[in-house]
Amino acid sequence: MSDFLFELGIEEVPASEIKNIVFQLKDNFQLKLDENLVKFKSIETSATNRRFMIYISEISEKADDKDEQILGPSKKISIDDNGQPTIALKKFMEFNNIELSDVIEIETKKGLYLCTNKVTEGLKTHDILCKIIPEILGELRFSKTMLWNESRVPFIRPIKNILCLLNNQLIELEFSGIKSSKFIDGHITLSESLIEINSFKDYIEQLGKNFVIVKEKEREKKIINEITEIENEIDVNVKIDDEMLNYYIYNNEYPVVFKGNFNKKYLKLPPEIISTFMIKEKKLLPVYDKNNKILNTFVGVSNIPDEKRFVSDGNEKVIHATFEDAKFFWDNDRKDNFINLRENLKKINFQKNLGNFFDKTERLHYLVDFLLKETNNNHMCENIKQASYLCKNDLVTRMVREFPSLQGIMGGLYLKEMNSEEDIWKSIYWHYEPKGFTDKKLEHFGAGILSIADKIDNITGFISKGIKVSSSKDPYGIRRDANSIIKVIIDFEMNFDLYKLIELAAEKFTKNKEDKKKLVSQLQKLFLSRIEIIFRDLLNFRYDVVNSIINTHDILSIYKSFLKATDISKMVETDSIDILISLHKRLKNIIKGFNTFFISEDLLMGDEEKILFEIYRESKTEIEKLAINNNYIQACSKIIEMKPVIDNYFEKVLVMAEDDKIKENRIALLQSLNELLSKIADFSLIIESN
Amino acid sequence: MSLQNIIIKLQEFWSQNGCYIASGYDTEVGAGTMTPDTFFRVLGEKPWKVAFWQPSRRPCDGRYAENPNRVQKHNQFQVILKPTPDNGQILFLNSLNHLGIDIRSHDIKFDEDNWASPSIGAWGVGWQIMCDGLEISQFTYFQQAGGIELNPNSLEITYGLERLAIFLDKRNSIYNLKWGHDISYSELRTKEEKQFSIYNFEIANIDFLRNIFDQYKNEAKKLIESNLYLPAYDYLLKCSHTFNILDARKAISTAERTTLIKTMRDLSSKIAKKYIKDTGKNNE
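If you read the sequences in order, they're chains A and B. According to my numbering, the first sequence is numbered sequentially starting from 1. According to my numbering, the second sequence is numbered sequentially starting from 1001.
For the record, the hints were derived by calculation from the structure and aren't laboratory data. Glycine included, C-beta positions come from ideal geometry on N, C-alpha and C. A few of these clues could be false.
Said to hold, decoys possible - Covered, in the sense of this in silico footprint (three residues per stretch, anywhere, with C-beta under 8 Å from a C-beta of chain B), are these stretches of chain A:
id : stretch
1  : 111-118
2  : 146-153
3  : 296-306
Claimed, not checked - In silico lysine-lysine, PhoX-like type, Cα no more than 20 Å apart, as pairs:
id : chain 1 : residue 1 : chain 2 : residue 2
4  : A       : Lys465    : A       : Lys508
5  : A       : Lys679    : A       : Lys620
6  : A       : Lys264    : A       : Lys282
7  : A       : Lys327    : B       : Lys1250
8  : A       : Lys239    : A       : Lys290
9  : A       : Lys90     : A       : Lys75
10 : B       : Lys1250   : A       : Lys335
11 : A       : Lys570    : A       : Lys638
12 : A       : Lys327    : A       : Lys182
13 : B       : Lys1262   : A       : Lys347
14 : A       : Lys282    : B       : Lys1170
15 : B       : Lys1170   : A       : Lys308
16 : A       : Lys663    : A       : Lys610
17 : A       : Lys473    : A       : Lys525
18 : A       : Lys643    : A       : Lys679
19 : A       : Lys468    : A       : Lys525
20 : B       : Lys1250   : A       : Lys347
21 : B       : Lys1222   : B       : Lys1277
22 : A       : Lys346    : B       : Lys1250
23 : A       : Lys160    : A       : Lys182
24 : B       : Lys1194   : A       : Lys335
25 : B       : Lys1194   : A       : Lys327
If we strip away everything but chain A, and leave its shape as in the complex, we get (with noise of 0.2 Å):
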């Protein structure tokens, strides 16, 4: 058993990028040591932005040996008159360079064949990986590719040296003009020349001498240990996410973390602004204190330890400029008039072919109308219509200009500093808010109806130009968008129809109503599957009782919707949904197959079915009030309360009588019952308990 190490050392790989390449090159050693025959236990991945490692533990030397049946011409053209082997056969046999006692017969389902079993032996491994690697490498995928040498080949970026070794020996090969060698690069600065590797152990060994800590987890723990320690050191919060933390793992082959302060003046502006600035521009992450409050300090990884303290003296300095930089784009957006911003709208394309900013402020003060008044909130129409025309304006600010990333926080930001009413300046703050199902919930009412017509029109503009959703494929946001309008919706507690919102944000996009039609019916689709995978899937709703609710007919009034799952959900835990269960689908066999009657009181035969149908009426208006007001357990107990009647009335009653009037009327009766019971959900979906 030998053992396989590999090393692409290259210039500087974005880090964004190493772990999609990582994920590449480990899927493709795989799948061509397979499709070749190799047997392998394991492969060992480590990279930085500087080098990609690969490590194959217990790899054979040989391919295993191949038994292949090669098929030859049928028995019939096979044999002549005389038994005797035809040219078809004596071809075939020469052609394989076999004997005719290799030759043996098959049974196919054109009839009987010739065919011979030929063993291959298998390819040694070097020659194997000789001819792989390259074409391993010539096969990532990268986002952005570029050219530097003789050879013309596309790469991310200048690949420095090739280390290939199968059992301690150099596998001599070439790609992009580079050759294959036993020499790899230490640390950019830290060490002096080429390292000499000679085996795995070696590799890390020496690695670890030159200052490069190969394996991602150990970066990561020692970034994390070190801002801990920073973070009880002086007793703050230093906040770090996914990606920062990434940035930083990729980034730094020997990665140290340091501290730094910045003059306290700076911290007169926003909090938002100077960690935005800390982050974007200067990889420095924002520190605040147990409050949560921001702090001038600051901390940062760099890439060679810090004993003579250059690097964050330097990084002090550089903070300095960036925060002039900051409070310039702040004073000096301060100095326009924010409100008359609007008019520069009509210059910035929403998308294109959908119109101007200035057009989707006039989309969605229509829009944020009708959410309000929908969800009883007159009182607060002036703010957040208000907030509607204003929302985009920052995006003319030399803020978000230069950082996107603050777009509506700027706005917020501005307003809140022209003692607008807080009800304009955070509606627009929050509006591009929650991004996605799972994020917080928004701290702001107005903010959150802002939230659903911004994203709604997003939706509605995207989908009447042709774009698609695929499972692998959002690039516009369609199905978070929707999902953040779902959790707006839950998270609120607004009862409105979602319906009614897709057909006027439908109108805007759309010139006949056969478009209309057709545009709504897309939107409606696209929710209903929302609906189902958010309810299923991340409110842990059973699949069922989701099935027995999502074909209802007020499935888009969401927060009904909502409240009713939860509802099912308390009554499944209890014995009384099997009587809706059994009532339902006792009630659905006998009405399959019929065309929809109409009860006529006078063909009401016999006490049983006369009771059934008071019962029925007094109970209707009931039931239905109650679903109106969301109280879908009562309204269910007054179905079951029905019961004992309806089981008398089946008892008694031939629902197939011999008049077809009688008949029809009885069926008529059953379906106005099933009708009203779904209403609330199709309980015949829910699976019994025993």
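Take the given structure of chain A and dock chain B to it, following the hints.
Just chain B now, kept in the frame of chain A:
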């Protein structure tokens, strides 16, 4: 170390490494990349090694002399190595060493920064080089110029001279730098920065600028037709600078920006083609 000593040291280093030391160009440019010594010479097959100091104008970056390291005119040191050497990174680190920077005590990072200059149809892949958090250089593998794919590729190294000086002189602000002997940066530049910031952001006559943009453009077109691609390129540079002032004045809408950039890119592409035809190295 004074700014003039940095320039002298860099000229010395790159001269020792085979570069011809050129003078900076005498028409306003946004970066050394836009000079004819870069734009034309990266086209075609002929090897080229050049290094020069280039003052560069970026009207949007003006800060009324109030920002410690942002100015509307800064100084670049531009190096072009064609074809790209195998040891570009090491050469660069050695140049820092030549300037007296102890590279083992500072956090030097090659941080992704792909550069593009759409108005001359040029782009490249590479990094900004950070030294203790300060961006001191751009390091770019040139991929296209004038919309033409380059073969061979060139390596472009652009040092920000003020940034380097701040770093080497341990200053908080470029205005505290020494240019040479007793002349300070502040003395040389403060008034200029203030006046140009006022002009670029507040006073520049928008109608006048639009008008000369069109005239420069028409002149360039005529010159291209006459195969005088060198003067044509000068007028393209003037278009670009005029565009930058209009941009600083916030006079350009998004849609208009796209159109104007396309106008300039088309000119650059025609000029590049003329150059290649003339020098007989057709890369298309």
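Tested hints:
Only residues whose C-beta sits within less than 8 Å of a C-beta in chain B count toward coverage, and the stretch 111-118 of chain A has 0 of them, not enough to reach three; the restraint is violated. Coverage of the stretch 146-153 of chain A by chain B holds. Counting CB-CB distances below 8 Å, 6 residues qualify, and the rule asks for three or more. Counting residues of the stretch 296-306 of chain A whose CB lies closer than 8 Å to any CB of chain B gives 5, which reaches the minimum of 3, so the coverage claim holds. For the hint pairing lysine 465 of chain A with lysine 508 of chain A, the CA-to-CA distance comes to about 13 Å; that is within 20 Å, so the pair holds.
Simply put, lysine 679 of chain A and lysine 620 of chain A have alpha-carbon atoms about 11 Å apart, close enough for the 20 Å limit, and the pair holds. Among the hinted pairs, lysine 264 of chain A with lysine 282 of chain A is consistent with the structure: their alpha-carbon atoms are about 18 Å apart, no more than 20 Å. Between the alpha carbons of lysine 327 of chain A and lysine 1250 of chain B the distance comes to roughly 19 Å, so the proposed pair stays at or under 20 Å and holds. For the hint pairing lysine 239 of chain A with lysine 290 of chain A, the CA-to-CA distance comes to about 12 Å; that is within 20 Å, so the pair holds.
Distance check on the hinted pair: lysine 90 of chain A and lysine 75 of chain A sit about 12 Å apart at the alpha-carbon level, within 20 Å; holds. Of the supplied pair hints, the one linking lysine 1250 of chain B and lysine 335 of chain A holds, its CA atoms being roughly 14 Å apart against a limit of 20 Å. Taking the CA atoms of lysine 570 of chain A and lysine 638 of chain A, the gap is near 16 Å; set against the 20 Å cutoff, the hint holds. Our distance criterion of 20 Å between C-alpha atoms is broken by lysine 327 of chain A and lysine 182 of chain A, whose separation comes to about 52 Å.
Proximity of lysine 1262 of chain B to lysine 347 of chain A is assessed by CA-CA distance (about 18 Å); at most 20 Å being required, the pair is judged to hold. For the given pair, lysine 282 of chain A sits about 19 Å from lysine 1170 of chain B by alpha-carbon distance, which is consistent with the 20 Å threshold. Between the alpha carbons of lysine 1170 of chain B and lysine 308 of chain A the distance comes to roughly 14 Å, so the proposed pair stays at or under 20 Å and holds. Restraint check for lysine 663 of chain A and lysine 610 of chain A: the C-alpha separation of about 14 Å stays at or below 20 Å, so the hint holds.
Using a Cα cut-off of 20 Å, the hinted pair lysine 473 of chain A and lysine 525 of chain A holds, with the two alpha carbons roughly 17 Å apart. Distance check on the hinted pair: lysine 643 of chain A and lysine 679 of chain A sit about 18 Å apart at the alpha-carbon level, within 20 Å; holds. A threshold of 20 Å between alpha carbons decides the hint, and for lysine 468 of chain A with lysine 525 of chain A the separation of about 12 Å falls inside it, so the pair holds. Proposed proximity of lysine 1250 of chain B and lysine 347 of chain A is supported: the alpha carbons are some 12 Å apart, at most 20 Å.
In summary, the hint linking lysine 1222 of chain B to lysine 1277 of chain B is supported, as the alpha carbons are separated by about 18 Å, within the 20 Å threshold. For the hint pairing lysine 346 of chain A with lysine 1250 of chain B, the CA-to-CA distance comes to about 14 Å; that is within 20 Å, so the pair holds. Restraint check: the Cα-Cα separation between lysine 160 of chain A and lysine 182 of chain A comes to about 12 Å, which is no more than 20 Å; the hinted pair holds. With a CA separation close to 18 Å, the supplied pair lysine 1194 of chain B and lysine 335 of chain A stays within the 20 Å bound.
For the given pair, lysine 1194 of chain B sits about 17 Å from lysine 327 of chain A by alpha-carbon distance, which is consistent with the 20 Å threshold.
The earlier numbered hints that this structure contradicts are 1 and 12.
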